[in-house]
Amino acid sequence: MSGPDQAPDAAAEADGNLPARLGEARLNAPVVRRGMFGVQDTPDTSGYGLLRVHEAPPLDSPRPYGSYFDEVADALGFSDAIERVVVDRGEITFHVRRERLPEVAAKLRDDPALRFELCSGVSGVHYPEEGGRELHAVYHMLSITHNRRVRLEVSVPDADPHVPSLVGVYPTCNWHERETWDFFGIVFDGHPGLTRIQMPDDWRGHPQRKDYPLGGIPVEYRGAKIPPPEERRHYQ
Amino acid sequence: MSAGHTPHAAAGATDAEAAEGRVYTISGEDWDEMVAAANEAGDFESGERIVINMGPQHPSTHGVLRLVLTLEGETVAEVRPAIGYLHTGIEKNMEYRTWTQGVTFCTRADYLMPIFNETAYCLAVERLLGIEDRIPERAQIIRVLMMELNRISSHLGGIAPMGLELGATTIYTQGARLRERTLDVLELITGLRMNHAFIRPGGVREDLPPGGLEAIGAFDDSAQRLMHELHTLIDANPIFVARNKGVAYLDLEGCMALGVTGPMLRATGLPWDLRKSQPYCGYETYDFDVQTTRTCDAYGRYLIRMDEIDESLKIIRQCCDRLAARGSLASDPVMISDAKIGWPAQLSLGPDGLGPSPQHIAHIMGQSMEALIHHFKLLTEGFRVPAGQAYAAIESPRGELGAHVVSDGGTRPYRVHLRDPSFTHLQSVAAMCEGGFVADLIPAIASIDPVMGGVDR
Chain A
1 MSGPDQAPDA AAEADGNLPA RLGEARLNAP VVRRGMFGVQ DTPDTSGYGL LRVHEAPPLD
61 SPRPYGSYFD EVADALGFSD AIERVVVDRG EITFHVRRER LPEVAAKLRD DPALRFELCS
121 GVSGVHYPEE GGRELHAVYH MLSITHNRRV RLEVSVPDAD PHVPSLVGVY PTCNWHERET
181 WDFFGIVFDG HPGLTRIQMP DDWRGHPQRK DYPLGGIPVE YRGAKIPPPE ERRHYQ
Chain B
237 MSAGHTPHAA AGATDAEAAE GRVYTISGED WDEMVAAANE AGDFESGERI VINMGPQHPS
297 THGVLRLVLT LEGETVAEVR PAIGYLHTGI EKNMEYRTWT QGVTFCTRAD YLMPIFNETA
357 YCLAVERLLG IEDRIPERAQ IIRVLMMELN RISSHLGGIA PMGLELGATT IYTQGARLRE
417 RTLDVLELIT GLRMNHAFIR PGGVREDLPP GGLEAIGAFD DSAQRLMHEL HTLIDANPIF
477 VARNKGVAYL DLEGCMALGV TGPMLRATGL PWDLRKSQPY CGYETYDFDV QTTRTCDAYG
537 RYLIRMDEID ESLKIIRQCC DRLAARGSLA SDPVMISDAK IGWPAQLSLG PDGLGPSPQH
597 IAHIMGQSME ALIHHFKLLT EGFRVPAGQA YAAIESPRGE LGAHVVSDGG TRPYRVHLRD
657 PSFTHLQSVA AMCEGGFVAD LIPAIASIDP VMGGVDR
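Residue numbers (the numbering used here), protein chains in the order written: chain A, 1 to 236; chain B, 237 to 693.
A hint or two may mislead.
Label pairs and their in silico Cβ distance ranges [claimed, not checked]:
| id | chain 1 | residue 1 | chain 2 | residue 2 | range |
| --- | --- | --- | --- | --- | --- |
| 1 | A | Glu103 | B | Arg258 | 36 to 42 Å |
| 2 | A | Glu55 | B | Lys613 | 24 to 30 Å |
| 3 | A | Trp203 | B | Glu265 | 31 to 37 Å |
| 4 | B | Gly671 | A | His234 | 49 to 55 Å |
| 5 | B | Lys550 | A | Asp201 | 46 to 52 Å |
| 6 | A | Gly215 | B | Ser604 | 40 to 46 Å |
| 7 | B | Gly671 | A | Glu83 | 41 to 47 Å |
| 8 | A | Pro229 | B | Gly602 | 34 to 40 Å |
| 9 | B | His464 | A | Glu129 | 56 to 62 Å |
Below 30 Å or equal to it, Euclidean Cα-Cα: the simulated DSBU-like pairs (lysine-lysine) are [claimed, not checked]:
| id | chain 1 | residue 1 | chain 2 | residue 2 |
| --- | --- | --- | --- | --- |
| 10 | B | Lys328 | B | Lys576 |
| 11 | B | Lys550 | B | Lys512 |
| 12 | A | Lys225 | B | Lys328 |
| 13 | A | Lys210 | B | Lys550 |
| 14 | A | Lys107 | B | Lys613 |
| 15 | A | Lys210 | B | Lys613 |
| 16 | B | Lys481 | B | Lys550 |
| 17 | B | Lys576 | A | Lys210 |
| 18 | B | Lys550 | B | Lys576 |
| 19 | B | Lys613 | A | Lys225 |
| 20 | B | Lys328 | B | Lys550 |
| 21 | B | Lys512 | B | Lys481 |
| 22 | A | Lys225 | A | Lys210 |
Simulated coverage check for chain B against chain A, where a stretch passes if three residues somewhere in it have a Cβ under 8 Å from a Cβ of chain A [unchecked claim]:
| id | region |
| --- | --- |
| 23 | 326-337 |
| 24 | 391-400 |
| 25 | 453-461 |
| 26 | 489-500 |
| 27 | 653-666 |
No lab work stands behind these hints, which were simulated from the structure alone.
For each residue, glycine too, the CB sits at the ideal point set by N, CA and C.
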């Protein structure tokens with residue numbers, strides 16, 4: 001796409017793409033991690049203690065996306081409803097504004113050029129670090145007509161975890177949305193009966209959120225004390 | 237039913253609840269008594285609906301499935317499946333183990349198709365790692381071989397209880413007989429009948445043991461004979477046919493809306509099989525056919541499962557031929573040759589249990605410092621997976637099994653979600669059974685072949 005003969009202002013663009021400049025821009029982003037090995041309480045002797053990792057900007061893939069993705073994106077349209085598009089590892093993800101989700105899904109299902117007849121359900125993901133968009137609902141769509149897959153992703157803040165239900169478009173989402181409500185606390189507005197599905201009805205909390213306490217006690221095994229999962233050593 | 241044949245309030249029902257209607261307690265083999273009592277009380281004549289709780293401990297519900305049935309006489313007016321009795325937090329547990337250890341957990345999700353759970357998860361991890369093209373050919377063949385063996389055992393685990401739940405114990409014992417032989421082969425190769433933890437990111441745990449190919453060959457011979465016996469026993473069995481033909485009707489439109497895939501979808505005539513349409517593990521190089529019928533009913537699903545077993549045997553034969561034509565292990569690894577990812581693959585039995593082979597130990601302890609460091613880092617910390625998400629879907633015996641795997645760049649999965657076909661398909665019970673007879677509910681559920689380990693995870 002960006003061959004040397006295509007760029008009219010090659011000098012200026014090359015200047016902006018200098019690695020040093022790109023790095024500088026990232027320095028203003030908040031720091032998400034310090035050090036290399038997750039050492040916190042003890043002195044760091046690795047020499048990596050001053051390492052600072054800044055928050056990466058949200059991904060937004062440029063056109064062309066490659067494969068059948070451009071065709072799907074063109075047929076889908078909805079430039080105002082889709083915040084950004086990420087093409088990664090041969091899969092395409094449309095980040096959709098939550099209020100427009102049913103509209104986008106209905107077009108994905110009905111448009112002859114799209115025909116994503118099958119929804120493989122909802123998968124929730126909790127990113128407590130992402131302020132204002134902590135909870136994600138991820139939908140995988142499959143088109144049997146065209147033999148294609150796309151992914152829709154909706155992100156909502158923890159304080160207002162409402163996503164419109166897709167049961168009206170894809171009835172298969174019924175149980176999947178109940179499961180995502182059960183495990184992540186995402187409320188699917190318009191769902192015919194949003195109750196817990198895996199956990200008991202009177203359960204407190206949503207167990208697959210990252211801030212859900214696991215509890216547990218140390219267990220002795222062959223003379224060694226194995227701490228509960230949350231207190232075990234882990235590597236960043 | 238309780239003593240004295242008189243309806244009584246079940247323990248725990250409050251006066252207010254009992255006042256809403258009569259409560260019968262049924263404990264088995266006392267259905268006639270309940271019907272007689274209800275007749276006596278005039279429940280049927282007055283158009284009363286009877287709400288029945290079936291399960292979670294019930295022999296025909298395929299595990300701990302609970303169904304809340306509303307009956308009008310013998311007709312099912314409403315059926316509401318209730319699940320969650322086998323929820324074990326597999327997805328959450330995987331977030332606290334390394335990527336390779338995750339296999340040990342997800343294999344236990346749908347315990348009738350452990351190899352498929354492992355493969356779906358590993359394919360997603362491999363896509364995240366960007367090593368999809370670098371998996372050794374031998375590992376891919378072994379994966380296909382294991383998946384097809386597992387498909388046979390899983391299909392038989394669906395067909396055999398289908399007969400048992402209709403009261404035909406011979407169908408069960410004959411089906412279980414072949415299933416046991418399949419499990420024997422799986423045990424010979426992996427050491428375990430179920431929960432194998434055999435497929436790993438980057439390849440498989442070990443090569444076939446000595447004599448493995450011969451054992452599969454012997455299994456193939458007996459399987460063909462036993463399959464023939466099963467066909468003659470079941471295919472035209474008047475009771476089996478009467479109970480299954482035209483029962484649990486779900487057409488293509490219903491399948492699409494409810495996300496139903498696998499044999500249930502192929503029973504509507506749509507030849508959709510991910511092994512053909514979106515091949516993985518080299519399935520495009522094998523010769524096999526996608527089985528379909530156009531009956532949309534429980535009997536069609538049974539036929540498809542039987543035919544798929546024959547197709548699986550065909551694929552297994554091709555795998556064995558390919559493995560036999562290949563060289564010995566040294567030149568033909570079963571694990572990716574990447575020191576940062578490849579776990580020690582060829583295990584051997586030592587005095588303190590199964591572990592790395594003496595050659596591997598000699599290599600890391602005596603020859604290569606780097607190999608020792610890699611070994612130590614891999615087994616304590618595990619490998620890092622670049623941040624991102626991937627969805628890998630494979631054709632499991634029950635339908636599309638997807639693994640949605642998210643990484644934050646660390647040594648443990650950030651989130652793993654298994655899109656389990658049993659979970660999705662159980663939603664269709666209401667669509668298939670409401671308005672039908674209560675007796676048809678049993679073959680309907682058996683034809684879905686749900687496994688509660690996968691439903692509840």
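Do the hints match the structure? See the list:
{"no.": "1", "hint": "A/Glu103 x B/Arg258: 36 to 42 Å", "in the structure": "violated (49 Å)"}
{"no.": "2", "hint": "A/Glu55 x B/Lys613: 24 to 30 Å", "in the structure": "holds (27 Å)"}
{"no.": "3", "hint": "A/Trp203 x B/Glu265: 31 to 37 Å", "in the structure": "holds (35 Å)"}
{"no.": "4", "hint": "B/Gly671 x A/His234: 49 to 55 Å", "in the structure": "holds (53 Å)"}
{"no.": "5", "hint": "B/Lys550 x A/Asp201: 46 to 52 Å", "in the structure": "holds (48 Å)"}
{"no.": "6", "hint": "A/Gly215 x B/Ser604: 40 to 46 Å", "in the structure": "holds (43 Å)"}
{"no.": "7", "hint": "B/Gly671 x A/Glu83: 41 to 47 Å", "in the structure": "holds (44 Å)"}
{"no.": "8", "hint": "A/Pro229 x B/Gly602: 34 to 40 Å", "in the structure": "holds (36 Å)"}
{"no.": "9", "hint": "B/His464 x A/Glu129: 56 to 62 Å", "in the structure": "holds (60 Å)"}
{"no.": "10", "hint": "B/Lys328 x B/Lys576", "in the structure": "holds (26 Å)"}
{"no.": "11", "hint": "B/Lys550 x B/Lys512", "in the structure": "holds (15 Å)"}
{"no.": "12", "hint": "A/Lys225 x B/Lys328", "in the structure": "holds (23 Å)"}
{"no.": "13", "hint": "A/Lys210 x B/Lys550", "in the structure": "violated (46 Å)"}
{"no.": "14", "hint": "A/Lys107 x B/Lys613", "in the structure": "violated (48 Å)"}
{"no.": "15", "hint": "A/Lys210 x B/Lys613", "in the structure": "holds (26 Å)"}
{"no.": "16", "hint": "B/Lys481 x B/Lys550", "in the structure": "holds (28 Å)"}
{"no.": "17", "hint": "B/Lys576 x A/Lys210", "in the structure": "holds (28 Å)"}
{"no.": "18", "hint": "B/Lys550 x B/Lys576", "in the structure": "violated (37 Å)"}
{"no.": "19", "hint": "B/Lys613 x A/Lys225", "in the structure": "holds (22 Å)"}
{"no.": "20", "hint": "B/Lys328 x B/Lys550", "in the structure": "violated (38 Å)"}
{"no.": "21", "hint": "B/Lys512 x B/Lys481", "in the structure": "holds (28 Å)"}
{"no.": "22", "hint": "A/Lys225 x A/Lys210", "in the structure": "holds (25 Å)"}
{"no.": "23", "hint": "326-337", "in the structure": "holds (count 3)"}
{"no.": "24", "hint": "391-400", "in the structure": "violated (count 0)"}
{"no.": "25", "hint": "453-461", "in the structure": "violated (count 0)"}
{"no.": "26", "hint": "489-500", "in the structure": "holds (count 6)"}
{"no.": "27", "hint": "653-666", "in the structure": "holds (count 6)"}
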